Amino acid sequence: MSTTAPATATAGAPALRRRTRVPLAPYLFLTPGLVLFALFLVVPIGYAVWLSLRGLRISGGGPFGRREEVFVGFENYAAALTSADFLSGFGRLAVYGAIAVPLTLGLALLFALLLDATTTAAKRFSRTAIFIPYAVPGVIASLLWGFLYLPTTSPVSHVTEALGWGSVPFLSGAALFGSVANIAIWGGVGFNMIIIYTSLRGIPSEVQEAARIDGASETQVALRIKVPLVAPALVLTGLFSLIGTLQVYGEPTTLRPMTTSITQTWVPLMTIYRDAFTRDDLPLAAAASVLLALGTLVVSVVLLRLAQRRAFGDAA
Amino acid sequence: MRRRTLATAAAAGLVLALGACSSGGGDSAGADGGGDGPITLEYWAWGTAQDGMVEAWNAAHPDVQVEKTDAGGSTDSSAKLLTATRAENAPDVAVVQYDTLPAMIVGGVAADIGEHTADVEGEFNPGVWSQVEFDGAVYGVPQDVGPQAMVYNQARFAELGIPVPTTWAEFATVAEQVKQKDPASTLATFAPAEFGGFAAMAQQNGAQWWSVDGDAWTVSIDDEPSRQVAQYWQDLVDRDVIDAEPLLTPEWNAKLAAGKVLSWPSALWANGVINGVVPEQAGQWALAPIPAWQAGQSAVSFQGGSAVVVTTSSEHPEEAAEFAKWINTSKEGSAAQIEAGQYPASLVGQELTLSSAPPVQSPQQADYWQVAQRIASSTVPEVSWGPNVNVANSAFQDAFNAAVTDGTPFTEALATVQEAVVADMEKSGFTVSAG
Amino acid sequence: MSAVGTPVGTRPAIGAPAARRPRQRARVLPTAVLLVGALYCLVPVAWVLVASTKSRGELFSTFTFAPGTGLLDNLGDLFAYGDGAFLLWCANSLLYAGVGAVLSTLVSAMSGYALAKFRFPGRDAIFYAVLGGVLLPGITLAIPQYLLMSKLGLMGSHWSVLLPSIISPFGIYLSRVYAAAAVPEEVVEAARIDGASEWRTFTAVAVPMLLPGMVTVFMLQFVGIWNNFLLPFVMLSDEHRYPLTVGLYSLLAKGSGEPALYSLAIVGAAVSILPLIALLLFLQRFWRMDLISGGLKG
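Protein chains in written order, with the numbering used here: chain A, 1 to 316; chain B, 1 to 435; chain C, 1 to 298.
Please note: incorrect hints may appear among the correct ones.
[What the hints assert, rightly or not] From the structure, some residues in chain A lie toward chain B, with a derived Cβ separation under 7 angstroms: (1) 63; (2) 66; (3) 67; (4) 88; (5) 147; (6) 153; (7) 263; (8) 279.
Rather than coming from a laboratory, the hints here were simulated on the basis of the structure. This structure is a prediction, so every number in the text was calculated from the model and none was measured. Note that beta-carbon positions come from the ideal geometry of N, C-alpha and C, so glycine has one too.
Bound-form chain A, shown alone:
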């Protein structure tokens, strides 16, 4: 992926139909993008791969020998793949994702359909209100939800305690997954809602009218006509939510000091961060990063393939 133009044309000879010369202009247009892409994506990836094959080992002997970088082959990959901390993080990730992804998408779709329906009021206010959390950085969102979760400062626990039911343990046990996922749902519903909503507005009104004349209720129109037509938007928002899930890091990290239930290896990225910065083991972190990136790529491609076959089987 260097900046010089790939010299050989691919099998697609028709690409050259208009001109016999290879045009210069597109490469010039692409130069800034490609240079930055190479510098900040390709080179770092290459560096991470190289680093993942190295290790920091003591040289010179003695209790205070200095650590030096040496080549260790696939040792770091073996360590990451056999690390109970790293692997169990994926289990927690799965639980978290099973809550966060469907709820984010489901609520986003529900609100989008309600915004598009003819039977609701207060649309402008609701649309704006639901979109607002998108503007709140994750670090801040976690801090403020933390206050709303902890028994003494939580308004929910305030009410339940007044009723004699005791406080709600938002940050322990199984509730923890819901509480962490809730922060992501809260921040993500509005953005996904807008994407789906704009898709809904692209549906020609004649199609809906025809159904209504046939006697379909508003709910039936929504489920039978609108939802299938916005399937591409759902696939895409689903994919983003899934990638977002694999990258979850900020929310549990900010909540961690407030509870005994979140370990430093709660999700894979937290393990990577701990290894890189708390334990100063960059090579191990690089190996785990490479594995996580590959995993994301595989999951995304598989999901897109499945979705394409289902949603666009006839159209493509």
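Dock chains B and C against the given chain A, drawing on the hints supplied.
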């Protein structure tokens, strides 16, 4: 270097274009200095005491100016020091907590400044000096110390009519009394993630977690004294006499504000922390020695406290060492430190506290600094930390949090930490034997 | 049929009322569900605003939603903290997000236009590489990017945050989709026949047509950079260069002997999210979010 200067200049230009005043900045000034003119040293430090100390130095030393940068608290700052050293752009001088100093040595951050420090060694108690001297080399100048101590809500103690415990056995009895008299309150909380506090209590009981024997390290985190400490807290938590929960969270702060947390066994710096959380309780809090494991025993260990190191990246190690010595042993430096509520590591600084007024949270305790000095003058003879305290700390937090959450024995958590620490050291190539 | 392939203007933009349909009377249940959703999203924001009025003591001692008496003191403390560090963080966030998003939008538009409107060897390879970049967890790049920046001697400078923020595979991808749909082949061809240079064709003919898409890319990038935490956290060690996210975090993560400054962080959060909300409300009149969903097949 030229490229970097250009970049810095351009970046500064961008900021100015936006109308922001780019104060400080100029991280390359020190590296590029060289020739004539004043030298600029870059100094990484956190906490409220630093500005006053740096100002005092800059006023007294026009030829060597110091620029302070807050690179985050202890954990963030030391992580960044390691990576910055690898990237060859570490500052000249930096504050490092005692327990992370060994990691800074093997990480190549801290330089041996033994040739410059002979004249200040006598300014410190031997127990304090031993925190910066390893294998005959000196890697820093002590700045502040955190001998363990207990702060307590004097008003609430008086209200409930309970005594200030002097031994841990008494502490347990008083904790029971608190629960009987006011079930909503607790004498103190056990914070499972407080590695430093637990380590200090274990050391107070005689534990030695890392030690060096020739070329080999011995790691004994789950030794008998440590297990006793673990069992002691386990018993209080199991009997619901003490709550196990994290410290300084909004939750804990709210309990403190409501007067439901009666004491905090921690260290000499606790006064300022309590003031940061509940300033309206000034005048209610007092300082006492931390309870002892045996009656009559007075030696306490350290929790927190830090030294100033000169980095291997510094191009002006001599001036940097001079700065580290001066701010930590001069009257000017100590005065600025005390004013901000830090307890100085140097004898001259500790002497100076005696003529100071009690700190803001305890104006009613006239003998506050006398009590502090008595505590500081009797510390355990030698505490040595290992090269991977960071690993121990992170393993400790996870293991003890899990033990509290799952109700598994604390002693098992200690064994987990021991295992993780030994495995990590062996992986790095150290010679290790489990103690 | 659907918006796919024709993202431009079959229906009014989302700001306009949907007047074309026969209007039915609003019903209680759907409206109530929508309002509950709005409430769920607003409550935590309302809490930040309420909590920012509480003094340090009140923050932990009064009922969660009871307003306090310390707003002015908190604001005073906030702007006085670290010799005006908060304002500097605001300026830095504006620098990173503003300049970064503008440059990112330009780079994305040029790249997307080239990928959509030219046929040249290597086009598909480049496009698939960009797609791969979209799927890559950006966070896993932070560490190698850090080491790279140190090699370039830019570590800790404004550049170390700004430069990686400019490249956005997703922005390029969106721009390509939008350019393919919004810039008709004939218009470009006509400009070429008139003798306009490729650059002139782009700036005078294509850019005006691309503008709604560019606003969308700008907004996504602006919010993305503004809210980014890990990249600046890893790259920067000088608090004078922190953006708001890292600055506010640094108020919370103090070492032993320094309590977390909750009340400062909360009032800082309140002050910093208000302008961003205003910006979003302003921009939502112009953006084209259907671009994102319409793009899958584009």
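Here's how the hints hold up against the structure:
| no. | hint | result |
| --- | --- | --- |
| 1 | 63 | holds, 5 angstroms |
| 2 | 66 | holds, 5 angstroms |
| 3 | 67 | holds, 6 angstroms |
| 4 | 88 | violated, 11 angstroms |
| 5 | 147 | holds, 5 angstroms |
| 6 | 153 | holds, 5 angstroms |
| 7 | 263 | holds, 4 angstroms |
| 8 | 279 | holds, 5 angstroms |
Hint compliance for this structure: hint 4 alone is broken.
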